[in-house]
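Chemist: So the chains spell out like this:
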Amino acid sequence: MEEWLYIQNEVYPALLKGFWVSLALIVPSAIFGLVIGIIVGVLRVYGNRPVMAAANAFVVLFRGIPLVVQLFIWYFGLPYIKIYLAPFVAAVLGFSLCSGAYHSEYVRGALMSIRRGQMLAAQSLGFSKVKMIFSIILPQAIRRALPGCGNEIIYLIKYSSLAYMITCVELTGEGKILASNSFKYTEIFLIIGACYLAMTSVASLLLSRVEDRLRLPGFEHQRI
Amino acid sequence: MPEPILRIENVSKRYGKKEVLRGASLTVNKGDLKILIGPSGAGKSTLLQCINFLVRPDEGRIWLEEKEVHYAHKRDLYAYRQKVGMIFQDFNLFDHLTALENVRIGMVKVKGMAKAQAGERAVAELERVGLKEHTQKYPAQLSGGQKQRVSIARALAMDPKVMLLDEPTSALDPELIGEVLAVIRDLGENGMTMIMATHQIAFAGSLASEIIFMEDGRISERGTPEKILFQAENARTREFCAKIAEFYGEKR
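Protein chains in written order, with this note's numbering: chain A, 1 to 224; chain B, 1 to 252.
Among the hints, erroneous ones may be present.
[As the list claims (entries may be wrong)] Each pair of labels, with its calculated beta carbon distance range:
no., chain 1, residue 1, chain 2, residue 2, range
1, A, Y46, B, N29, 36 to 42 angstroms
2, A, R115, B, G23, 27 to 33 angstroms
3, B, G41, A, R115, 53 to 59 angstroms
4, B, R222, A, Y46, 38 to 44 angstroms
5, B, H70, A, D212, 46 to 52 angstroms
6, B, H70, A, V69, 42 to 48 angstroms
7, A, R49, B, P39, 37 to 43 angstroms
8, B, H70, A, Y46, 40 to 46 angstroms
9, A, N48, B, R222, 38 to 44 angstroms
10, A, G109, B, E246, 56 to 62 angstroms
11, A, I65, B, P39, 54 to 60 angstroms
12, B, K132, A, L206, 35 to 41 angstroms
13, A, P217, B, P174, 56 to 62 angstroms
14, A, P28, B, E66, 55 to 61 angstroms
Calculated from the structure, these hints are not laboratory results. These numbers were taken from a predicted model, which means no experiment stands behind them. Beta carbons: idealized from backbone N, C-alpha and C, even for Gly.
In isolation and in its complexed conformation, chain A is listed as follows (with noise of 0.2 angstroms):
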């Protein structure tokens, strides 16, 4: 019964509160990540030499470096040079860029895979190279991609329990200041994790769907 009133009464209004914040990490990070990949896996594919050799050091930064080096970096690092980032601001900083340095890499094997009749054939008909990536090349990759992506979503989804590390506190730190408090860490770390697991099962049924929506004969999976 005191479990319970435990459970109840501080437990379930900390994780909540907790969980909104998470969310508030995971959705914008989810959504400039993806259009960072965009753009940069775009540039590494399509750009100049100089646009291609910057956009492949952005993909080795952010991709080489520990995301919780990379979070430090943004929170502790940055006052050095007078900049002050708040802990929520340098969180979605910090998970974007690591996000769009992944999906970058999706979406630059997607667009290599597109077959180069469909160039030659939109540049037959007179389009420039920028109308010709928006209109038929970025609209036939992404759906190649996009199961890569949703990996890389999902991921993040996890990863932004990091965000606790630069006191932006979601639901992993509340769960931390929970369980130090009461030392019932066994209990609370369960119910945290199965709050990520739904989470993710969520957002791969979220992620689904959306496959479903784009999918077009000729770019189905291939049952054998």
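Starting from the structure of chain A, add chain B where the hints point.
Modeler: Coordinates of chain B only, in the frame set by chain A:
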């Protein structure tokens, strides 16, 4: 009085040391159907792709309606390509668009036409190639012959001055070739100017205004169908024509 539409002078292309096109020149008058024949690797495809600069020629100049094409200027190049329709051997329909959208997209995105107006025109063009019932189908749901007819409608919707056809029936099953050739014949009868690479010798014989035999990147012989098919001067031309007549010639 013949009215020249397209003039090609001394177009050449090298890939590394290999010369795939060595100084091809050609004048195409309004309403002409020029047929390119020759063994594979002769440079027919390269010549066609050089004409609308899908392949950049190393040398040579091209005029459309007596205006030289300055292909280094992107805007000139894009404007020129709108006036030169291209049909590919493997169709190259946009896989993510329906037949109707395939025909419409160039008018909307390149010419800046309103969607509704472009849609009406697209339906009309699809009707013209006999695909009224298939406007809402995706490329993956169409047969090869239907796909090629959509691609012809897509090119026609841009109101081209001249059409380049690169072996338009070579990727088709034999029973589908006829429907595509019928559409091309129709175009010719309505006065469309065309340059077409093909092995369909019977088709060439009955409709070409000139047959051009290419070999090793050169135009080695040219003339009326009667001359090229029956009285060619060049032994190699005679041999080639005899060979393709054997494979493609009987069914008229």
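Chemist: Is the hinted range of 46 to 52 angstroms satisfied by the C-beta distance from H70/B to D212/A?
Modeler: Roughly 48 angstroms apart at Cβ, these two residues keep to the hinted range, so it holds.
Chemist: So does H70/B sit 40 to 46 angstroms from Y46/A, Cβ to Cβ?
Modeler: For H70/B and Y46/A the Cβ distance comes to about 24 angstroms; the hint is violated.
Chemist: Taking the Cβ atom of R49/A and the Cβ atom of P39/B, is their distance within the range 37 to 43 angstroms?
Modeler: holds (39 angstroms)
Chemist: Between the beta carbons of H70/B and V69/A, is the distance compatible with 42 to 48 angstroms?
Modeler: Between H70/B and V69/A, where Cβ atoms are some 53 angstroms apart, the hint is violated.
Chemist: Okay, P28/A versus E66/B on CB: inside 55 to 61 angstroms?
Modeler: holds (58 angstroms)
Chemist: Hint says 36 to 42 angstroms; check whether the CB-CB distance for Y46/A and N29/B agrees.
Modeler: Check passed, 39 angstroms falls within 36 to 42 angstroms.
Chemist: Note whether the CB distance of I65/A and P39/B lies within 54 to 60 angstroms or breaks it.
Modeler: holds (57 angstroms)
Chemist: Is the distance from the Cβ of N48/A to the Cβ of R222/B consistent with 38 to 44 angstroms?
Modeler: holds (41 angstroms)
Chemist: I want to verify a distance hint. Is the separation of the beta carbons of R115/A and G23/B within 27 to 33 angstroms?
Modeler: holds (32 angstroms)
Chemist: Are K132/B and L206/A spaced within 35 to 41 angstroms by their CB atoms?
Modeler: 39 angstroms Cβ-Cβ, so the 35 to 41 angstroms window holds.
Chemist: Between G41/B and R115/A, does the beta-carbon spacing fit 53 to 59 angstroms?
Modeler: Given range 53 to 59 angstroms: violated, Cβ gap about 22 angstroms.
Chemist: Is 56 to 62 angstroms respected by the C-beta to C-beta distance linking G109/A and E246/B?
Modeler: Since the Cβ atoms of G109/A and E246/B sit about 46 angstroms apart, the hinted range of 56 to 62 angstroms is violated.
The structure fails to meet hints 3, 6, 8, 10 and 13 from the earlier list, while all remaining hints are met.
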